Amino acid sequence: MPPRFLPRTHLAALLELLQSHGYLILGPQLIDDAILYRPLKEASALPHGVGVEQQPGSYRVVRRADARCFAWANGPQALKPLTFAPEEIVWQVRRDAQGALVFDVPSRHYQATAVLGVRSCDLAALQLQEAHFLGGVGRDEHFAARHAALFLIAVNCSHPAATCFCASTGDGPNCSSGYDLLLDELEAGFVIRSGSEAGATMLAQLPWQALESHHTTALAAQQRAAADQSRRLPSRQLRSALFAALDHPRWQEVATRCLACGNCTSVCPTCFCHSEHDAPQLSGASSSHLRQWDSCFTAGHSYIHGMVVRGSIAERYRQWLTHKLGSWHDQYGRSGCVGCGRCIAWCPVGIDITEEVAAICGECAS
Amino acid sequence: MMLPQQAEIVARIQETPTIFTLRLRFIDPAVQESYRFTPGQFNMLYLYGVGEIPISIVSDPQDAQTLDHTIRSVGRVTAGFAQLKPGERIGVRGPFGRGWPLVEAEGKDVVVITGGLGCAPVVSVIHYVLRRRERFGRLTIMQGVKHAEELIWREQYEAWARLPNTQVLLAASQGSALWPWHVGHVPVLFDEAKLDGANSIVMMCGPEGMMRAALPELRKHGVADANIWLSMERNMQCGNGKCGHCQLGGHFVCKDGPVFALPQLSPLLGVRGF
Amino acid sequence: MNKPRLAVHKFSSCDGCQLALLNLGETLFELARQVEIVHFAEAGYLAAATPVDIALVEGSVSTPHELERIAQIRANSRYLVTLGACATSGGLQALRNLADKEQWVKGIYAQPHHIALLKESTAIADHVKVDLELWGCPVTSRQVVTALRALLFGVLPAEERDKVCLECKRSQQVCVLVTRGEPCLGPVTRTGCGALCPSVGRDCYGCFGPAETLNTSALAQRFAGFGLLPEAIARRFLLIYSHEELLQQEGKRWLKQGEER
Amino acid sequence: MSERREVPITVPLLARVEGEGALELTIRDGMIAELKLRIFEPPRLFEKFLEGRHYDEVLDIVARICGICPVAYQMSASHAIEQILGIEAGPWVRAMRRLFYCGEWLESHALHIHLLAAPDFVGFNSAIEMAQHYPNEVRRGLHLQSLGNELLRMLGARSVHPVGARIGGFHKAPEQQAAAALLTKLRAALPEAEALLRWVCQLPLPEDAQPFISVALRHPHEYPFNEGRLVSSAGLDISSDRFQDYFRESQVAHSTALHAHHYPAGYGTGGEAVPYLVGPLARLNLNHDRLPAATRQLLAECGITFPSRNMFHSVVARAAEIHYVLLEAIALLENYAPAQPSYVAARPKAGIGYSCTEAPRGILWHRYELNAQGVVVSATITPPTSQNQARMEEDLKRALTTFGLDHDDNALRLRGEQVIRNYDPCISCATHFLKVNVARE
Ligand SMILES: Cc1cc2nc3c(=O)[nH]c(=O)nc-3n(C[C@H](O)[C@H](O)[C@H](O)COP(=O)(O)OP(=O)(O)OC[C@H]3O[C@@H](n4cnc5c(N)ncnc54)[C@H](O)[C@@H]3O)c2cc1C
Ligand code: SF4
Ligand code: SF4
Ligand code: SF4
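Protein sequences appear in the order of chains A, B, C and D. Position one of the first sequence corresponds to residue 0 (numbering that gives the first Met the number 0), numbered consecutively onward. Position one of the second sequence corresponds to residue 0 (numbering that gives the first Met the number 0), numbered consecutively onward. Position one of the third sequence corresponds to residue 0 (numbering that gives the first Met the number 0), numbered consecutively onward. Position one of the fourth sequence corresponds to residue 0 (numbering that gives the first Met the number 0), numbered consecutively onward.
Same shape as in the complex, but just chain A (with noise of 0.2 Å):
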């Protein structure tokens, strides 16, 4: 079906279809300062006239002029907490009496949900992610299951913020894949696209209207200038150029400012690491093996009995920016990073992982 246009007021139109069809929506809210994805249940509750203004280390949201509500770049957290849990039981075990052990995994029965609001750098790390827990020797069956249950609306960014790059690395502003629908939101309504059959379904039954030629010409607009990104990497390809500076003084420089909290792995939608352990009832009768969210960062990812690979603060960092942008090459075929910028937004310190690269692979690294 080619592009529609939406009305705004038929916002309201599209969420009663998705209850109706037994979806639990969640949408993008105002929420402690914040855009969260949290259950939505009208359009009214949309952050209308919401901005979001993004600097290294800072977060802020200011009142805008109109009422659209998708003119933001984006909050702490997308699609990963709902694909790859923070939190979740890998498995359970009970011990019976005679110290037999029985092993089974809980239920993966989740929720239809249907996320309103997805940017293209959340489609291309959940793609990047796809890759990891999909792919490979084992196939996640929970982030397989959980993925399973998402039906997703993507929104084109109209809005990047300043610590946005993705159109350096080619995974924005605009979505090109891996959505249900897609928006771009214009002053009057949205333009609407179906990607999947199950969209193109729920297109039919809204209550569309023809594109007109104004339409097209505002969304060109909007779409040039949000193509205009002032933060950028240096090229898509920096495997060589960061393992060719592997003593780099900048990554001593860059640790004398680290905190090594873990913030930027915990908001980057590609980061995968997580740790395991056991949570034991107290009587010792069950048991639940979980696994949890962890960061290169940590001194128990690297430790090995008796040692900690990565002991410092520098060799931590490093570690994350030549994974993030060098070996992810070797594992995926691409750099692991989709230009969201949450990591430089989300530092507590303001460390921008743009002007890291520059520092240590120049210009010049192509």
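No lab work stands behind these hints: they were computed from the structure. Bear in mind that the values here come from a model prediction, so they are computed numbers and not experimental data. Be careful, since some hints might not be right.
List time: in silico SDA-like cross-link candidates among lysine to any residue, alpha-carbon distance up to 20 Å [as the list claims (entries may be wrong)]: (1) D:K184 to C:E25; (2) B:K254 to A:G134; (3) D:K184 to D:Y335; (4) D:K171 to A:R37; (5) A:K40 to D:P337; (6) C:K251 to D:V374.
Derived Cβ-Cβ restraints for the label pairs, each shown as a range [claimed, not checked]: (7) A:S282 to B:P85: 24 to 30 Å; (8) A:D103 to D:P340: 46 to 52 Å; (9) A:S285 to B:A212: 44 to 50 Å; (10) A:Q291 to B:H184: 38 to 44 Å; (11) C:E259 to D:E221: 40 to 46 Å.
Residues from chain C shown here face chain D by an in silico Cβ test under 8 Å; the list is partial [said to hold, decoys possible]: (12) K2; (13) R4; (14) L18; (15) L21; (16) L27; (17) L91; (18) L195; (19) Y204.
From the three backbone atoms N, C-alpha and C, an ideal C-beta is built for every residue, glycine too.
Keeping the supplied structure of chain A fixed, place chains B, C and D with the ligands upon it in accordance with the hints.
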């Protein structure tokens, strides 16, 4: 996702005060029946309610009945395993990773170099070669330990030393009164090892410092980098390339290794922090 | 089979850590099924001198009598576990260790027959070997139960020493430092609480003690950038864990800067 | 007739009190020659630690004076500091503070009744032992305690040293759903609170009427938590700023907790100093008419009348207050709506402020002096336990004599312990920096 399988401890052998071997048999005969591994691979052993750790398989792949793991008690989970008795059950997931290049090794001299408890992963190679003696050339075993007392399977080494076409060279950085072997680090052994570098395949395992120290010696003796194989150790939580802890550059040690050919590792081997 | 024996001892403290046990609800009865409680004054068990498998100790050492008691408890216990900031690090009352000693001693020893107070409030581990330290002011029921369960399995529990930030992100809290410029200590504080302060929209004040691999100076510098005065920065680092070396150093550095100003 | 009998009885460590203390008793010629309630708790000198701290830090510090009633410390401090800053927290914050206090009373009272006091009255050493014979009663108690903790967590994120309160109100308003869920649970627990009160009333409590002065807050309409005038059963009626005109603490040699006395004629007027009682019994004695009708009705049905002179009715008072706080919490939550913002902002200001609120164990008085930067210049804190200390010793002397000093040592010890436990002393509230007065001629 792979669930652990129950296995029973059928025997427990105390090798040294801190090292012990658990001989396991899967409770489900079908699992035992279909279980296959290559020397150098490892299992994730699960101690009920406590945690899961990677441990190499040391038994012979043709022992269909049981599975041996030799463990050094160093921390919380291993100390817990140390308290288990025959009859008790644990969880086993595996086998994981890529084992030793035994097909490539056929027809060649096999040089096994280990240090510390590094011997565990290669003991299975030694058994493997000895059982199929005709397929391989000379077998050279070089082992370094910190303290003379730490050498496990001492009688075993002595027995191996008596076999034809087999050379055993041992070194302890701190010897003791009854230590008939060398005192010093592994490199001192090379003077005595009569390596035919061009026709040798080397399998190494143990502390990275020891393995790196052996490299110049091996190259001096004409061993090509492509014929040097190392078993690596990194923190592992999941065993199948998902948890991210075992990354070494672009490699996930658990699934791309733990055994690597030297050229795969060389740019990062010995770089602090990788 | 004989059940392992448990004792709970109190030293200088607020009693808050013992509540991790007294607030267990019905789990308390499960605990009583797993262990034989031999000493826990607040719960009615009084056999302080009986040898035990596990001794939980709350509170810091601050009197000569407490010095004797801790030696005795160590001698009687297989595992000695400290509960909370006081026992693990001297606690909030260790602030007096930083005060003008002369002044305090004069104040304290003018009537020495009344109160015998040691010069410093110190951690249990400053006096006897400690097998396991549980950080937190107060410790949580989860921590205590996890530790006890592990000890009953014959192993130590895994140490929690990551930074609160990780827990904060896992529980999906919004960073108050980034959105509001609050001087949050999460980046230098140990996990364990569940990132409670960010969950109510405020900055962490470090009640679980220092985490691993600290960069206190970068964080302090950031606070200065928010407009905090040197003495205010110093006070952030000198509160419940003023006895911990790295925090104390950072705090003193800013105290000095404040004085020089 | 009786031969000379000298019985030194020591209870070296008191069981089931919060904090640690000991009682030393010497009986000579059938009379108590010496009675000392020794408190082991070394002074933790909190008043000193507060000096030099900004008022924003005070709540996190004072909470740690006592793990059992941190909310009380946070509340008294908030009011005193807000008085200095000249801010009025408003009706929403006021209601939430009452709710916060309900949580603490519920938790603390339920803990005291079930884990500390009740085993005495039914003949067990501990609640765990008692649970084998009274499983339902103990379970009910633990459930009420856990509800109290839940209330505390809703506003404070955790029940011990909660982190939710701030000067001016709360850092964050609880979400509507959380409040609604808790309301349902509280309503469901009301029959338990009623059953608890009935059960406590029929416990074999000793009959032991005695004269004492009760001191508590009194509010024009409410059962007192955070506000009210300071009144006594002997006719005192003052505003809490004047606390020090009528109440003073002094150091006694055998204890690290200070002893407070009441000066009915005013301190420094040469009038006598008398012990006094604070806490649930004192509160109920002075505020019986402020209880909701349902609670009063229940008490009437149980046949226990207040004011009561029987110290052992403290446990009844606690159970009645549990019933009251459930009703109060339900009422407060019925019309709950989150406020935005959940606090009143303030600016630093110099001055002196006072506040007295009702901790579970009785009035808790704070005084602060701030400088213009909002930094604490001095702080004085008078916790309930130091106020009851003199009363406890007086009661012990009398109660043991009435009980009969010729009872064997064990019986005397048990009764002594019971008497002390009845006050629910919280000995860790030893906050004082020891002041030394040097007289120079
Ligand atoms: C592929 C591989 C094969 C191994 N084979 C053997 C063997 O045959 N025999 C043997 O005794 N040991 C072997 N090890 C090392 C063994 O896994 C560690 O000694 C063990 O994990 C330590 O656990 P712990 O809880 O007792 O130690 P702690 O020091 O308490 O460690 C805490 C946790 O850190 C992790 N960890 C610590 N050290 C290591 C490590 N070296 N490797 C991976 N994770 C670690 C584990 O999750 C462990 O539970 C092997 C390691 C790897 C990676
Ligand atoms: S550590 Fe904190 S909670 Fe525990 S006893 Fe000490 S002051 Fe109380
Ligand atoms: S709020 Fe504090 S603990 Fe949470 S991420 Fe930010 S700095 Fe870390
Ligand atoms: S966030 Fe920090 S101060 Fe708050 S409870 Fe946790 S550790 Fe304590």
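Hint check results:
1. Between K184 of chain D and E25 of chain C the CA atoms are separated by roughly 17 Å; this keeps the pair inside 20 Å, and the hint holds.
2. Distance check on the hinted pair: K254 of chain B and G134 of chain A sit about 12 Å apart at the alpha-carbon level, within 20 Å; holds.
3. Proposed proximity of K184 of chain D and Y335 of chain D is supported: the alpha carbons are some 15 Å apart, at most 20 Å.
4. This hinted pair checks out: K171 of chain D and R37 of chain A have alpha carbons roughly 18 Å apart, not beyond 20 Å.
5. A distance of roughly 18 Å separates the Cα atoms of K40 of chain A and P337 of chain D; the hinted pair therefore holds under the 20 Å criterion.
6. This hinted pair checks out: K251 of chain C and V374 of chain D have alpha carbons roughly 19 Å apart, not beyond 20 Å.
7. Under the hint 24 to 30 Å, the C-beta atoms of S282 of chain A and P85 of chain B, about 25 Å apart, fit the expected range.
8. Distance hint check for D103 of chain A and P340 of chain D: the Cβ-Cβ separation is about 47 Å, which falls inside the suggested range of 46 to 52 Å.
9. At roughly 48 Å, the beta carbons of S285 of chain A and A212 of chain B sit within the given window of 44 to 50 Å.
10. Roughly 41 Å separates the CB atoms of Q291 of chain A and H184 of chain B, a value that falls within the hinted 38 to 44 Å.
11. For E259 of chain C and E221 of chain D, the hinted distance range of 40 to 46 Å is not satisfied, since their beta carbons lie about 52 Å from each other.
12. Because the beta carbon of K2 of chain C sits about 13 Å from the nearest beta carbon in chain D, more than 8 Å, this interface hint is broken.
13. About 14 Å separates the beta-carbon of R4 of chain C from the nearest beta-carbon of chain D, more than 8 Å, and the hint is not met.
14. Taking 8 Å as the C-beta contact cut-off toward chain D, the hint placing L18 of chain C at the interface holds, the least distance being around 5 Å.
15. Interface hint status for L21 of chain C: upheld, as the beta-carbon distance to the closest one in chain D is roughly 6 Å, under 8 Å.
16. Residue-level restraint check for L27 of chain C holds (minimum Cβ-Cβ distance to chain D is 7 Å; threshold 8 Å).
17. Look at L91 of chain C: its Cβ gets to within about 5 Å of chain D, closer than 8 Å, so that hint holds up.
18. Because the closest C-beta pair between L195 of chain C and chain D is about 4 Å apart, less than 8 Å, the hint holds.
19. For Y204 of chain C, the shortest C-beta to C-beta distance to chain D is roughly 6 Å, which falls under 8 Å, so the interface hint holds.
Going through the hint list in order, the structure does not satisfy hints 11, 12, 13.
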